[in-house]
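Q: Protein chains in written order, with the working numbering: chain V, 10 to 298; chain Z, 49 to 295.
Hint data in this document are derived by calculation from the structure and do not stem from the laboratory. Cβ atoms here follow ideal geometry from the backbone N, Cα and C, with glycine treated the same way. Some clues are possibly wrong.
As the list claims (entries may be wrong) - Coverage of chain Z stretches by chain V, computed from C-beta distances (three or more under 8 Å per stretch; other residues unrestricted): (1) 127-139; (2) 161-171.
What the hints assert, rightly or not - Among chain V residues calculated to face chain Z with C-beta under 7 Å, some are: (3) LEU28; (4) ASP49; (5) TYR85; (6) VAL161.
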Amino acid sequence: MDVSEVSADSTPGGESDGLRPLTATVSARQYLRDIWARRDFTFALPFEELRSSHLDTFLGNVWHLGNPLLSAGVYYLVFAHILNVDRGIDNYIVWLVIGVFAYHLTSSSILGGAKAIDNRQGLMRSFRFPRAIVPISNTIGHLLTFGFQLLVVVLVALGSGVGPSRRWLALPLVLLLHTMLNLGGAFVAARLNDAFRDIEQLIPFVLRLLQYTSGVMFSVDRVLAGDNVWAQRIITLNPIVAILDCYRWMILGTPLRPGALGIAIIESIALLVFGFRFFRAAEHSYGKP
Amino acid sequence: MSRGAVSVRVRDLHLEYDVFSERRAGLAQRFSTGTGSGRRVVHALKGVSFDIRQGESVGVLGSNGSGKSTLFLALAGLLPPTRGEILVRSEPKLLGVGAALMPAASGLRNIRLGCLALGMAADELDEVIEDIVAFTELGEAIERPLKTYSSGMRARLHFAIATAVKPEILLVDEALAVGDKAFRTKSRERIESMLAAAGTLMLVSHSMNELSRLCRRGIWLEKGVLRADGPIDDVIELYEATGASDD
Numbered sequence: 010m011d012v013s014e015v016s017a018d019s020t021p022g023g024e025s026d027g028l029r030p031l032t033a034t035v036s037a038r039q040y041l042r043d044i045w046a047r048r049d050f051t052f053a054l055p056f057e058e059l060r061s062s063h064l065d066t067f068l069g070n071v072w073h074l075g076n077p078l079l080s081a082g083v084y085y086l087v088f089a090h091i092l093n094v095d096r097g098i099d100n101y102i103v104w105l106v107i108g109v110f111a112y113h114l115t116s117s118s119i120l121g122g123a124k125a126i127d128n129r130q131g132l133m134r135s136f137r138f139p140r141a142i143v144p145i146s147n148t149i150g151h152l153l154t155f156g157f158q159l160l161v162v163v164l165v166a167l168g169s170g171v172g173p174s175r176r177w178l179a180l181p182l183v184l185l186l187h188t189m190l191n192l193g194g195a196f197v198a199a200r201l202n203d204a205f206r207d208i209e210q211l212i213p214f215v216l217r218l219l220q221y222t223s224g225v226m227f228s229v230d231r232v233l234a235g236d237n238v239w240a241q242r243i244i245t246l247n248p249i250v251a252i253l254d255c256y257r258w259m260i261l262g263t264p265l266r267p268g269a270l271g272i273a274i275i276e277s278i279a280l281l282v283f284g285f286r287f288f289r290a291a292e293h294s295y296g297k298p
Numbered sequence: 049m050s051r052g053a054v055s056v057r058v059r060d061l062h063l064e065y066d067v068f069s070e071r072r073a074g075l076a077q078r079f080s081t082g083t084g085s086g087r088r089v090v091h092a093l094k095g096v097s098f099d100i101r102q103g104e105s106v107g108v109l110g111s112n113g114s115g116k117s118t119l120f121l122a123l124a125g126l127l128p129p130t131r132g133e134i135l136v137r138s139e140p141k142l143l144g145v146g147a148a149l150m151p152a153a154s155g156l157r158n159i160r161l162g163c164l165a166l167g168m169a170a171d172e173l174d175e176v177i178e179d180i181v182a183f184t185e186l187g188e189a190i191e192r193p194l195k196t197y198s199s200g201m202r203a204r205l206h207f208a209i210a211t212a213v214k215p216e217i218l219l220v221d222e223a224l225a226v227g228d229k230a231f232r233t234k235s236r237e238r239i240e241s242m243l244a245a246a247g248t249l250m251l252v253s254h255s256m257n258e259l260s261r262l263c264r265r266g267i268w269l270e271k272g273v274l275r276a277d278g279p280i281d282d283v284i285e286l287y288e289a290t291g292a293s294d295d
């Protein structure tokens, strides 16, 4: 056979039985099914990450618990002994540590979601899988880290005389609500950051602003009782306030605000649905050179 | 050339993507005109068409930046075509050494993860992994973090993972050249048994020796356009006549 120097318009013809298009957009239902089919992969990814994250340290896996313990220790030292403040809150250290860890779960999930697509470039250039798995497994990874932090919270709570309670049984529901919010945020951040890398620089500032309106370090009660209507609106509409309330209610028995909790549930579901659709709309463009 | 059924059909494939260059306009101009952000469109493939049949082994040649790797990313479904279409009989699997899976995790863990990413279920892994580990012949190094591997060791790992699922269409991007002689012999045997079972191989390489040994047909890409398509030795001869070869 001789060599043909091919011109751009020459198209070999022939039968196309059994051939199918390679990149076809699938329905949302099929997409979710594809994710489900890769569930072992989705979960293995964050576990492997967790397992290998402290491999190069002497203490290794001890750091998963050591890290949050030291954080709690620093707060205890600074607030209970050096500054000696309790901001009028009973058991302030436990209250504060819950808030810091739970808020950090949201902020790290969102920031991690923004960076996840870039961090997983190697996997995405090697294997075909629904790209939503990247932010999902990233969110699961942060949830695993939070598990260790919760353990520390419980230890600190027990150490400071707070007994176990039946309220702890609500944990799965609270985690579910919290995760819907975090995952929705991670989806949005992932797509935005993939389109505009400038977003990654802005997110930490947005998150810090969010932190100050979420009642992480101080109670929002005083703002709600005050006369600044806008501040009250922001706090009522901020789902993180209600989610932190849930954790504090579970551990410390502080009151819940049912209205705010209802709003948080609606917002979290809405953000998850919106985030999923928003992320998926750019499915084929993730991982481009 | 074999006359099996078509397994990959590419029609008028165009691929463009944006890149950022270091030369950009001033901030004021970027805002006032919305341009000059350094964004450039790279037209990596400009209307490529070909059919590849079952049992065929096709070597892809071309100088650096001619669009070979982009073509493979597109054929693996990892880059959507800007225009044109790609039809396949089954999903092609891409094998390259550039992609680091999880650098901090061990080779063994990367094998696990790679298999799961290919769509295997966790409970069917044990048996497959044993085969993959045996094929890599990495010995105790399999427990070491991937980032400590040489490129040859990585190639062994990637090749073993990608061929473990027995893909019908395998795309190999420069992954064999870095291996030693023992590995090249082994990988060649595996590729040949795959071709015998009506599989399809596409191989990017700058080693004319390797292309000539493993492939029967050659495709020459230059600046995103198909320059030649025919028996591998003829295409190599044509390619080398231009002085473009670096082997």
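Q: Against this structure, judge whether each hint is valid.
A: Evaluated hints:
no., hint, result
1, 127-139, "holds (count 9)"
2, 161-171, "holds (count 9)"
3, LEU28, "4 Å, holds"
4, ASP49, "4 Å, holds"
5, TYR85, "32 Å, violated"
6, VAL161, "24 Å, violated"
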